[in-house]
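Q: The listed protein sequences derive, respectively, from chains D and Z. All the letters of the first sequence, read from the start, carry residue numbers 1 to 381 under UniProt numbering. All the letters of the second sequence, read from the start, carry residue numbers 1 to 381 under UniProt numbering.
Read the hints as simulated data drawn from the structure, not as lab findings. Where hints are given, some of them may not hold.
[Unchecked claim] Covered, in the sense of this in silico footprint (three residues per stretch, anywhere, with C-beta under 8 Å from a C-beta of chain Z), are these stretches of chain D: (1) 286-294; (2) 332-339.
[As the list claims (entries may be wrong)] Below, simulated DSS-like cross-link-like pairs (lysine-lysine); rule was C-alpha separation at most 25 Å, straight line: (3) Z:Lys269 to D:Lys152; (4) Z:Lys269 to D:Lys269; (5) Z:Lys269 to Z:Lys329; (6) D:Lys269 to D:Lys329.
For glycine and all other residues, C-beta sits at the position ideal for the given N, C-alpha and C.
There are 2 protein chains.
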Amino acid sequence: MTAHPQLADLPTPSLLLDESRMLANIERLRGRMAGLGVGLRPHLKTAKSVDVARHLLDGGNGPATVSTLREAEVFFEAGVTDILYAVGIAPQKLRQVSKMRAAGCDLTVLLDTIEQADAVAAASREAGAPIPALIEIDCDGHRGGLEPNDGKLVEIARRLVEGGATLRGVMTHAGESYGAVGMEAQAVFAERERAAVVAAAARLRETGLPCPVVSVGSTPTAHAASDLTGVTEMRAGVYVFFDLVMAGIGVCRVEDIALSVLTTVIGHKRERGWILIDAGWMALSRDRGTAAQAVDQGYGLVCDETGRILDDLLVVTVNQEHGIVALRKGSRAALPALPVGTRLRIVPNHACATAGQFDAYHVLPKEAGAPLRRWARFGGW
Amino acid sequence: MTAHPQLADLPTPSLLLDESRMLANIERLRGRMAGLGVGLRPHLKTAKSVDVARHLLDGGNGPATVSTLREAEVFFEAGVTDILYAVGIAPQKLRQVSKMRAAGCDLTVLLDTIEQADAVAAASREAGAPIPALIEIDCDGHRGGLEPNDGKLVEIARRLVEGGATLRGVMTHAGESYGAVGMEAQAVFAERERAAVVAAAARLRETGLPCPVVSVGSTPTAHAASDLTGVTEMRAGVYVFFDLVMAGIGVCRVEDIALSVLTTVIGHKRERGWILIDAGWMALSRDRGTAAQAVDQGYGLVCDETGRILDDLLVVTVNQEHGIVALRKGSRAALPALPVGTRLRIVPNHACATAGQFDAYHVLPKEAGAPLRRWARFGGW
């Protein structure tokens, strides 16, 4: 393997995206969902890039999930018109939601309280146009949402419908599936997701309320689900790039991870076994998602410039613009020399967090010998 | 206290900067340094804002420290001409350094290896203009740098001078002072900084080498140093805003912290004592700098919209765009109601990390009743 010749021209730290791996990751979940007969609504919060979204979305414009209104705006401008804003709605944001809907974006909001339902209904009446909402269901105690048998479920649904909003359905996210190791354990969470929203949908329909959308999803459950009866759509995000957290629970292999951070060796502390690099937490993020896993990967795995993993070498400490690379505790590998100026690549714990530190992907193209491409990404709210 | 009326118009999450607190923090260290007779070279990596730099720098343009070449470029464009790039230089970055120097920026680099010294000398010869360098000294085993008695110190200095670069002096940073609680313990690190660089400077001068600059600094040591004999300049960064990490080791009070993140309540899980907000790790960062301190502040302290701290209320968990607020473990305080739509402010663990997640400060002006100002900030490399 040789490194792409243009890598030498990139400043460090820079964010690299392996296009072939990304395309394979996209195809893998697309194929799974086609097999299960359920539509996919990719979560764009991981990539925050129109270029990546073109590959992720059906026909380049298909249904999408976002985590901020800023994402909704950017992707709507790029032609994506069916968008779920999958964070509980703050009433103050509803005016912007109505504005986007009036401009032609079929933007759906999420909620799990009576106050929010009343606010969405009021905003619908104010705009003279119903805002569609999903009710969030809790399937695993991870965060928000109503349990399917919560008395407020029907109350909230009624207030939406009677208040002038649109009840579009129910959704859940098994955030706890990120702690489940292996497909068998993840399949349990997939079934919890399915059972919770299907039960909630049934309750709504029994009372004569509509529930066209029954939405589930997380990357581990999307890859583990074997039966999605009653579910209408799957959401997942990090599957597009994968990361060490996903590899640590067996959803992917380390070789599937499409992101890495290009960095340069800037010093050594040989008596301590330290190699200093110019990627600190500003580049890698402070995410330590593998700390709770069986194998702690520090702040990331160290590869050479071609992407080949260097035995037992981790980023063990980070400051703002410094990383300290050292051997994994207990390793018998020899610390490689890696002279000052050597280029390395760091495979991140958490793709969403590390990508979020950069304003662009430098794309290693799938065609051998093709030039690097630059895909812009954005942040903010 | 009432909240600034324009806060209601800001989207959430947004980053707030209390101008009065910032100005008091700046004056506090400026007064200290004047008393000790040592110049201040503020580190601009915390603020990454030209507007903040105008207040921080002497005459608005005075000497500055940066952590990336991007910072050097932005601040040079804004008129700052005396800049120390205080991260060990990667040889690949020297062409850009020479370019900036040729344009009139007195940019100094940092190094601690023979390879770097040779690269800086070679780049100086190539540019036909000497690049000035400081040699990094290790005073506390925190990261990089040579111990003052390291044989390589004089060797590196000689290679710089004989190779055509400029030896500008020595510098150190007591990164371990962030773990020292109380001014007495921090003063020990301040003296370690001083002793290390003064010894290194003496060794260079004994061999006939120049050493005009003797640079020390960190926010804790800058506030604890009582004798800086032999030191020519102090560097510090986070003192401009302060944060919970600094408050936790007694360098400031929580009431001195100038930054907070404005957020909105988006839900409740009352049976668990949870309040959900729309600020997750994307807004607050993943920094858990207080986790190792006597009082763990979670992902930040919760205040009302006016900035008044709410008893024992912390952000205990974060996802990308969700935060979970709950009472501190063991607290006997009552969980406040905080209905959906309530605006809160989160005081961050680490100012550099949290500010780094935003593209602007919304400035609460020192003049009562004056409008909010927006100060842009930047990131990248």
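Q: Now tell me, hint by hint, if it's right for this structure.
A: Comparing the hints with the structure gives:
Note: the segment 286-294 of chain D has 3 residues with beta-carbon separation from chain Z under 8 Å; the three-residue rule is met and the coverage holds. Counting residues of the segment 332-339 of chain D whose CB falls under 8 Å from any CB of chain Z gives 1; the rule of at least 3 is not met. Only pairs whose Cα atoms come within 25 Å are accepted, and lysine 269 (chain Z) paired with lysine 152 (chain D) is accepted, the gap being roughly 13 Å. Restraint check: the Cα-Cα separation between lysine 269 (chain Z) and lysine 269 (chain D) comes to about 49 Å, which exceeds 25 Å; the hinted pair is violated.
In summary, the hint linking lysine 269 (chain Z) to lysine 329 (chain Z) is supported, as the alpha carbons are separated by about 17 Å, within the 25 Å threshold. For a cut-off of 25 Å, the pair hint linking lysine 269 (chain D) to lysine 329 (chain D) stands: about 17 Å separates their Cα positions.
Comparing the model with each earlier hint shows violations of hints 2, 4; every other hint is respected.
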